[in-house]
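K.L.:
If you want the building blocks of each chain, they are given just below.
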Amino acid sequence: MAASLPRRIVKETQRLTQEPAPGITATPYEDNLRYFNVLISGPSESCYDGGQFKLELFLPADYPMAPPKVRFLTKIFHPNVDKLGRICLDILKDKWSPALQIRTVLLSIQALLSAPNPDDPLDNTVAELWKTDPDAAHAKATEWTRTYARAAA
Amino acid sequence: MSEEEEDENYVYSDEDELELEEEEEEVYAPPSHGRASEEGASSRGSTESAAMGGKRLQDGTYTLIERSEVEAAMLAKAREVSELLEVSASCAEVLLRYTGWSSERLMEQFLADPEKVSSRCGVDKWTGGCEGSTASSLDSDVALPPAPSGGLTCRICFLEVPASEALTAPCGHSFCGECYEGYLANKIDEGSSCVHATCPEDKCTTLVPPKLWQRALSGIPDKLAKYKTFRIDNFITFSKELRWCPAPNCGKVVRAGACVASVKCAPGGCGFSFCMKCGEEAHQPASCELVQQWAEKCQNESETANWILANTKRCPKCQTRIEKNQGCNHMSCSQCKHEFCWMCMGDWSEHGASTGGYYKCNKFDPLKATDEESDSARAKRELDRYLHYYKRYHGHDQAQKFAVKQLEATEKRMVELQESTHGSWIDVQFLKTANEMVIDCRRALKSTYIFGYYLDPSATKQRELFENLQEHLERFTETLSEMTEQPLETMDRTEVVNITRVTESFLHNLISGAESGLDVVPDAKDPTTKPTVAAS
Ligand SMILES: [Zn+2]
Ligand SMILES: [Zn+2]
Ligand SMILES: [Zn+2]
Ligand SMILES: [Zn+2]
Ligand SMILES: [Zn+2]
Ligand SMILES: [Zn+2]
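As given, the protein sequences belong to chains A and B, one line each in that order.
Read in full-length UniProt numbering, the first sequence has 17 at position 17, and its numbers run on one by one without any break.
Read in full-length UniProt numbering, the second sequence has 486 at position 486, and its numbers run on one by one without any break.
Chain B on its own, in the form it takes in the complex (with noise of 0.2 Å):
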């Protein structure tokens, strides 16, 4: 219960910049992500940085780091706020951890009160200045006093122990050995926690110090090792600027300077597409709150969901049982050659240009509710709703993992198109750029889906101009992961180019308009001109 209370106490900031050593790193921003996030462009200041000469990135961009260098970053910074406050480094890293590891806000609350920040965090029976730390590594800068030197009874094990074999922390209590090994050992079990650990007397609220678990667990490496990525884990929670990679198995770390909602893995890294807020997957441009809420009613209403979907996968003409193995949603059927939608399983004549009506099924169109509506058909006319919605984020969804998976024929396809070419290997990059094109819209097109099924039902305007966007959008990756399927024998070049350029600035258009509150002027016909924003 206490410890709840502390933590009100904990202050995470926003202001703080890493300082990195930064060597011309490769500075990667794609054009759909590294977008401005007007929260992060007003809360980071940059007073800290100056003062301690530290260099950021610039807004907008970000970078993928080597964990290496994170744990650079967090001795460099524990160091230089350990000589500021003339503490071993060690005990500024603890210090840090207090205020989310903002310097700035550590500097106020430890000079304002050096002994309460102290016994607060542990740290004030440690002993040693900031001159113990040596260059490479923190953990050897708090000393340790001697066991009793007759010896002593460990008061967890009972046992009698020579001082050889007792281990003390600064506040003066000593158990054997053994028993501190599994006492720490049971600390790393229980997880990121572990860096609070405070030494096993009972109420005695020192911290163990670094020094002193490298002692207690030499036995036991791997143990030490997670110790010490706890850690860098808790210095990456709390710096606004990393992230590791959510994806399994990925273990890279991102680095992203002010403005950045999303980022993507690469180069280098899985190239999963991620929010440097929440962590899920990239999805503007729907919010962090959105998504929660939406996962969690898709949650609720799988079984429903699951049901009409699983239902509604045969030909609607022959009732043949389709199996959708394209990311295209133009489905024809194998059996009839009936052409259809597969959002909508309306007729895909009906999507042409030449019915007058380019892809007509985003919008949810319901019966006008009336007042003596019963509440089963209000219930039922709900359920429709989302059901509208989660087809066709789903099918974005599918239609996504598919291009995913087809990245990989893309390469062997880029170089079949080489050699039949004998071109150069930049002149078949555009195949891959237009499949990841397709991935990025397929993406953003799930999330408008979310969007919009939290849109204001009442704001008809903006309802029409987001519906508007997203059509435009879904046409056009529509048409280039149709082109991206194409045999490369009618693989046209120039005209693939061209559409995955199209392409790349209806999404910008569609981001960038629901950013805005949809306050803004879009012109359908020339989709290379960015949208004008109204006055307001």
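In isolation and in its complexed conformation, chain A is listed as follows (with noise of 0.2 Å):
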């Protein structure tokens, strides 16, 4: 599998673990090169400062004429992602660029965390909350932060 792996991958790959950007760590599987584990810390002055987020990120067959495919694995109360940990961003539909990186679109999520955009929702009720209490929402957002993202000191 590793030797049909394309030079391109190989690259951002090398790239990701050498000169990592801040926040974000993207380590591929061992047995899996196009499977990746994610962590992105939570922008600090967001709801999410001090959460660590779990996203698994997977390289498909015709990466990069096709997006990656991203996805959180910690529980995140957030309007643009829904209880399955999808992430409604443009990047990853149908503004998708091939001259876009893995290191690009990790980037966009943790901007989407700090700028949550409720007119855009996947999650209705969380958006709905959002625009309607945003003070309740950020406290639940918070509150969510400390139950399920505490970071592993």
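Treat the hints loosely; a few may be bogus.
[As the list claims (entries may be wrong)] DEER-style ranges, computed between Cβ atoms: (1) C298(B) to K95(A): 36 to 44 Å; (2) L407(B) to K93(A): 43 to 51 Å; (3) K93(A) to C298(B): 32 to 40 Å; (4) K95(A) to A247(B): 32 to 40 Å; (5) T104(A) to A247(B): 46 to 54 Å; (6) T198(B) to P20(A): 29 to 37 Å; (7) P6(A) to I220(B): 13 to 21 Å; (8) Q18(A) to K203(B): 21 to 29 Å; (9) A295(B) to S114(A): 43 to 51 Å.
[Unchecked claim] Heads up, simulated SDA-like pairs for lysine to any residue below, C-alpha to C-alpha not over 20 Å straight-line: (10) K11(A) to E178(B); (11) K95(A) to S193(B); (12) K317(B) to C333(B); (13) K203(B) to L107(A); (14) K297(B) to L383(B).
It should be emphasised that the hints constitute simulated quantities derived from the structure, not laboratory data.
Where a beta carbon is used, it is the ideal one built from N, C-alpha and C, also for glycine.
Using the hints, build the complex out of the two chains.
P.N.:
This is the structure we're talking about:
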């Protein structure tokens, strides 16, 4: 399997481990180099501050023509993430460009934690609360972060 | 998400006319097709076709055209617009897609703000004027900038490539040829949206011009051909005048003038009749919306309906299972010789003129609903009502399929008849005409049960009138159907020709009656008289 890994994926993996983006780590599984274990730290001054979020990232066979598949594994209260951890992000769908990389995708997800977008929701009940009672929504997001995303020190 | 926002600005036009070079094409308008649709008549402006000197088809007529003609028409339209806007023809094609191929709307919007429209369409970086487009092709009229002379690192595969192996879009973004090929091949696999493919660079909105498609996919010609087909498809989709024949494996295109509701893929086509508006099988007198609703209803009820249908295929007298192998609804049991009607399973004699009532099986006569009726009784009555219509719809559908199959046999019978009578080929045409009339009537009768099912139950007068028209058409269709199945020796040409003609006029009466809101006074005695439209 490793033998047929495109040069692009090899290079991306190298750069991800050698020069990681701040607050983001991505490590490929040893037995499947297209499958990554991802950790994103909750951005400071957001309701996710102090949390460590686990995600899985998979590079499909037609990557980079098709976008990577990414999903939150840690429970998170966020209007653009549903109960199964699926993420509503344009570059993971129709706005994908093969010139984008794993790094840019993960940075975009980190940015989504800083700036949730309740107008383009994936989970309607969360988005509804986010719009009608932002304080309550933020409190709940902070609480979930404390409960489910506590950094394993 | 932003793509959807853009979509709101697309305005699909009814007003466009094609500019096909017509060389006295054979224009075909059989009686039951190409009928007037008021909507089409009023919305088609003639200003544009007049301004462009385009030829339009006469209202109510249509013709089959070849794919190459469609392509030529698309090119011609792009080229005309290209001259008016002083852009390349490739560019004009993209701009026209933006307004759903309405040149009128494009002129309006483009002249108001050319930059805005160009950047919306992703052609603001395209260079090359109208003089670049040759007569035969639009595909080379957009200039592609050279790749950086020292080569580059491709941002998709991360490989170093020399300038000679790179491809550059008008925006200046370069990628290696191999990645471009993979990128565009992938877009083709995604389907018709590939015509909107932009440069692979992140956030770059520049559309990939045809010339670049050609260069990138030169190694996979069948993908390149698909790209072209998708462009033509787009043109067909948004031209109200054009429709692919929906029959599987047909591939013909029909071009229709104004006021054509349904067309037949003929002559030279597969013979399938379809609606120009929704692309489904022709369905007059029912509207596109009702047909849609009915299809959903049948989907939901299919299990119940199938059970009932499967259990009513026995002779009502001796219970022998009877397979309906002919188109006509007049059944006679092979065992007991009992004659009955396939639709209502009632005695056929009750359907005859001798008993004073003709073909009474088209009316649903529910027991009077009472106020204290229970929910389950109401549900049962509603199901009965649906089944009444469904059985008849289904019956005509089966009979139509039979009549379509029968056409093959008819061709053979025509040869036989010609030989035995030493007549001419024209002399035996009546057999085919009759058979085709049965098909047209079965199709229309099917739709009458959709129409009837959704007819306002309180509109008693209209319902009576409609069922009367339906009854007449059914009676004559059964007669004609039976006649066409007769052995040749007993065939009476004059009679068949007459009944065909009468049936045709009943078909007309029914459709025009239904379309005029059933405000008509039909003359039941004389079928050749058209219904008189009551002044309203
Ligand atoms: Zn490349
Ligand atoms: Zn670009
Ligand atoms: Zn056809
Ligand atoms: Zn229709
Ligand atoms: Zn019997
Ligand atoms: Zn009957």
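K.L.:
Taking 20 Å as the top limit, are the C-alpha atoms of K95(A) and S193(B) close enough?
P.N.:
Holds, at roughly 13 Å.
K.L.:
Confirm or reject the claim that K93(A) and C298(B) have a C-beta distance inside 32 to 40 Å.
P.N.:
holds (35 Å)
K.L.:
Is it true that the C-beta distance of T198(B) to P20(A) lies inside 29 to 37 Å, as the hint says?
P.N.:
Because 31 Å falls inside the window, the suggested range holds.
K.L.:
Holds or violated: the 46 to 54 Å window for the beta-carbon distance between T104(A) and A247(B)?
P.N.:
holds (47 Å)
K.L.:
When you take the CB atoms of L407(B) and K93(A), is the distance between them in 43 to 51 Å?
P.N.:
For K93(A) against L407(B), whose Cβ atoms are near 49 Å apart, the range 43 to 51 Å holds.
K.L.:
Taken at face value, is the distance from the CA of C333(B) to the CA of K317(B) at most 20 Å?
P.N.:
holds (9 Å)
K.L.:
Given a hinted range of 13 to 21 Å, is it respected by the beta-carbon distance of P6(A) and I220(B)?
P.N.:
holds (20 Å)
K.L.:
May I ask you to test the hint 21 to 29 Å on the CB atoms belonging to Q18(A) and K203(B)?
P.N.:
About 27 Å separates the Cβ atoms of Q18(A) and K203(B), which means 21 to 29 Å holds.
K.L.:
With a cut-off of 20 Å on the C-alpha distance, tell me whether K297(B) and L383(B) pass.
P.N.:
At roughly 11 Å apart (the allowed maximum being 20 Å), L383(B) and K297(B) satisfy the hint.
K.L.:
Between K203(B) and L107(A), does the CA-CA distance stay at or below 20 Å?
P.N.:
Between K203(B) and L107(A) the Cα gap is close to 16 Å, so the pair holds against 20 Å.
K.L.:
Is the distance from the Cβ of A295(B) to the Cβ of S114(A) consistent with 43 to 51 Å?
P.N.:
holds (48 Å)
K.L.:
Can you tell me whether the CB distance of K95(A) to A247(B) sits inside 32 to 40 Å?
P.N.:
holds (38 Å)
Hint check: no violations occur; every hint is consistent with the structure.
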